[in-house]
Amino acid sequence: MPTASRQPGRLRPLRTVLIFCLFIGALYVIMGVNGIWTPKLGLDLQGGTTATLTAKNTTDDGAVSADSLEVARGILAQRVDSMGVGETEVTTSGTNQIIVSAPNVQKEELLDMIGKTAQLYFRKVYDVQQSETAITSTGTTEVSTGDAGGERAVPALPTPVPSPRPTSAAEPAVDFETLDKMEPSERDEEEFAAFSCGKADGTAATSPTPDVTDQFLIACDESGSYKYLLGPALIAGQEVTDASAGVPSNDVSWVVTLKLDSEGASKFATVTGELNEAESPKNQFGIVLDGRVISAPSVTEGAITGGSAQISGSFTQKTAQNLANVLKYGSLPLAFDISSVENVSAKLGGEQLTVGLTWGLVGLGLVVLYALFYYHALAALVVASLVIAGTLTYALIVILGEAMGYALNLSGIAGAIVAIGVTADSFIIYFERIRDEVREGRSLRTAIQTGWVGSRKTILAADSVNLLSAVVLYLLAVSSVKGFAFTLGLTTLIDVAIVFWFTHPMMTLLGNTKYFGEGKKFSGFEAAHLGKRSPLAPKNIAVPAAAATEGGE
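Residue numbers for the sequence shown, in our numbering: -18 to 534.
If you are wondering where the hints come from, they were derived from the structure by calculation, not from laboratory data.
Don't be surprised by glycine CBs; every beta carbon is placed ideally from N, CA and C.
It is possible that some hints are incorrect.
[What the hints assert, rightly or not] Straight-line distance between alpha carbons at most 25 angstroms, and here's what the computed BS3-like set of lysine-lysine pairs gives:
{"#": "1", "residue 1": "Lys263", "residue 2": "Lys162"}
{"#": "2", "residue 1": "Lys240", "residue 2": "Lys263"}
{"#": "3", "residue 1": "Lys88", "residue 2": "Lys299"}
{"#": "4", "residue 1": "Lys495", "residue 2": "Lys438"}
{"#": "5", "residue 1": "Lys240", "residue 2": "Lys299"}
[Claimed, not checked] Simulated restraints, written as ranges between beta carbons of each label pair:
{"#": "6", "residue 1": "Leu441", "residue 2": "Ala284", "range": "54 to 62 angstroms"}
{"#": "7", "residue 1": "Leu456", "residue 2": "Thr339", "range": "29 to 37 angstroms"}
{"#": "8", "residue 1": "Leu456", "residue 2": "Ala175", "range": "51 to 59 angstroms"}
{"#": "9", "residue 1": "Asp156", "residue 2": "Ser49", "range": "19 to 27 angstroms"}
{"#": "10", "residue 1": "Thr286", "residue 2": "Thr184", "range": "39 to 47 angstroms"}
{"#": "11", "residue 1": "Ser243", "residue 2": "Thr35", "range": "28 to 36 angstroms"}
Please build the complete structure, drawing on both the sequences and the hints.
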């Protein structure tokens, strides 16, 4: 009795195409849920802000060390990138300037990112009081070697902003032991008692004490809610080797972990040992950047040795990450003045984008015309592959822009346009391999599978070369050229996905239809068009094992 059975060769290609389309659809669902439908644009397309920082002379002959300038450039680049701003450019200019350009960022935002140009220092807290002005509610923090515990008594707001006052980047002129034993003078205490962080008009007041490392400092937290009487700088920011934010496995609160070098670890052990024995608020140390107290954690355990500590408290993910960024990138080897800050217009980039997209569409049109002329009805598969590739590329660029700050610039668009040729080339390689198989006497349906086995090696080799070129270019290039390399690499990976999970399965499905499978007129599979004199009739020719196994995939 005859029985009906499923035909895997027909069902597998359809299943592959449907799953692939569902995946693309899921990406657009993610975009819709998050309300993001447009990609982040680079400085040349979106506009943004450019700031010029001029280094102060630090040598006797009035010159700025080139090495120090490069180190400062690298730190500023890390600082801006850590804030999630894509497509930033941080470059040196001349012998004493650094230029920072950031898209999608206004003047005030950029100043918040790069304005922290002073040195970072740890100072003992001798007194803390509420300021008479600008009183707001703030969080609290503690420091320990592991899980924090005990009383949380110190107000702190770990979100760095630049101070309006100039600062000194000089190292302490007095040895550590002497600075550690210094006590505030009567004058320091009188000035502290009389000082208020804000003026009557709501603006920030200027501290009566200069930010000098071997002297006491009167400073406020960033909201102006609390004022601190701080001792001399005991640990410099350069002695912090690493800092990170995270949630311990046995806790649910965000913490900041910091590590110090050997010299900093020795000082830190001494200071924390002394603070642990003191009464509040003298059991606290202030983390000071540009004359502002970024955080003032208390010591809840004994002397912290080993050069590693953990700051915990009422952190959110953002405030913990901000404090970690300050600790990790806060110190610069030079002091800078902000020479200029300018908003950049996207008008010129918009004009170039219009020209680029116009010629991109012209190139796409030529590819379609060539496909129609040479592949007849199969041109629909070429166009469908290009449409799917474009749809997937757009979704990934939008999602990556939101997830990792990737910003699309003109160079990136050039990389996307190059992808048109890459996708079309993969189809040509596959089709020509099918022609070769038909000329050798195989039926069309068999040729589609054996041709795939042969052509995919060539396609993978070509895409591997493109991907390797993109990776090398990305690692070696600077500024906007990285955008071209990143987009080229992304679209190359997309081409592999398109060929494996759309073009090949669709070619298999078309080969199983009567119109294409029998090589009807203008199908693109006509016998004469494939280089075969007789009609394409199915033949019982053995199919290689690899083709038989993967024929439906």
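Hints and how they fare:
Our distance criterion of 25 angstroms between C-alpha atoms is met by lysine 263 and lysine 162, whose separation comes to about 13 angstroms. For the given pair, lysine 240 sits about 23 angstroms from lysine 263 by alpha-carbon distance, which is consistent with the 25 angstroms threshold. A hinted pair counts as satisfied when its Cα atoms are at most 25 angstroms apart, and lysine 88 with lysine 299 qualifies at roughly 21 angstroms. Restraint check for lysine 495 and lysine 438: the C-alpha separation of about 29 angstroms exceeds 25 angstroms, so the hint is violated.
A threshold of 25 angstroms between alpha carbons decides the hint, and for lysine 240 with lysine 299 the separation of about 20 angstroms falls inside it, so the pair holds. Our hint of 54 to 62 angstroms for leucine 441 and alanine 284 holds, since their Cβ atoms are close to 59 angstroms apart. Against the hinted window of 29 to 37 angstroms, the Cβ-Cβ separation of leucine 456 and threonine 339 comes to about 32 angstroms, which satisfies the hint. Distance hint check for leucine 456 and alanine 175: the Cβ-Cβ separation is about 56 angstroms, which falls inside the suggested range of 51 to 59 angstroms.
For the pair aspartate 156 and serine 49, the supplied restraint of 19 to 27 angstroms holds, since their beta-carbon distance comes to about 24 angstroms. For threonine 286 and threonine 184, the hinted distance range of 39 to 47 angstroms is satisfied, since their beta carbons lie about 43 angstroms from each other. Distance hint check: the CB atoms of serine 243 and threonine 35 are about 34 angstroms apart, consistent with the given range 28 to 36 angstroms.
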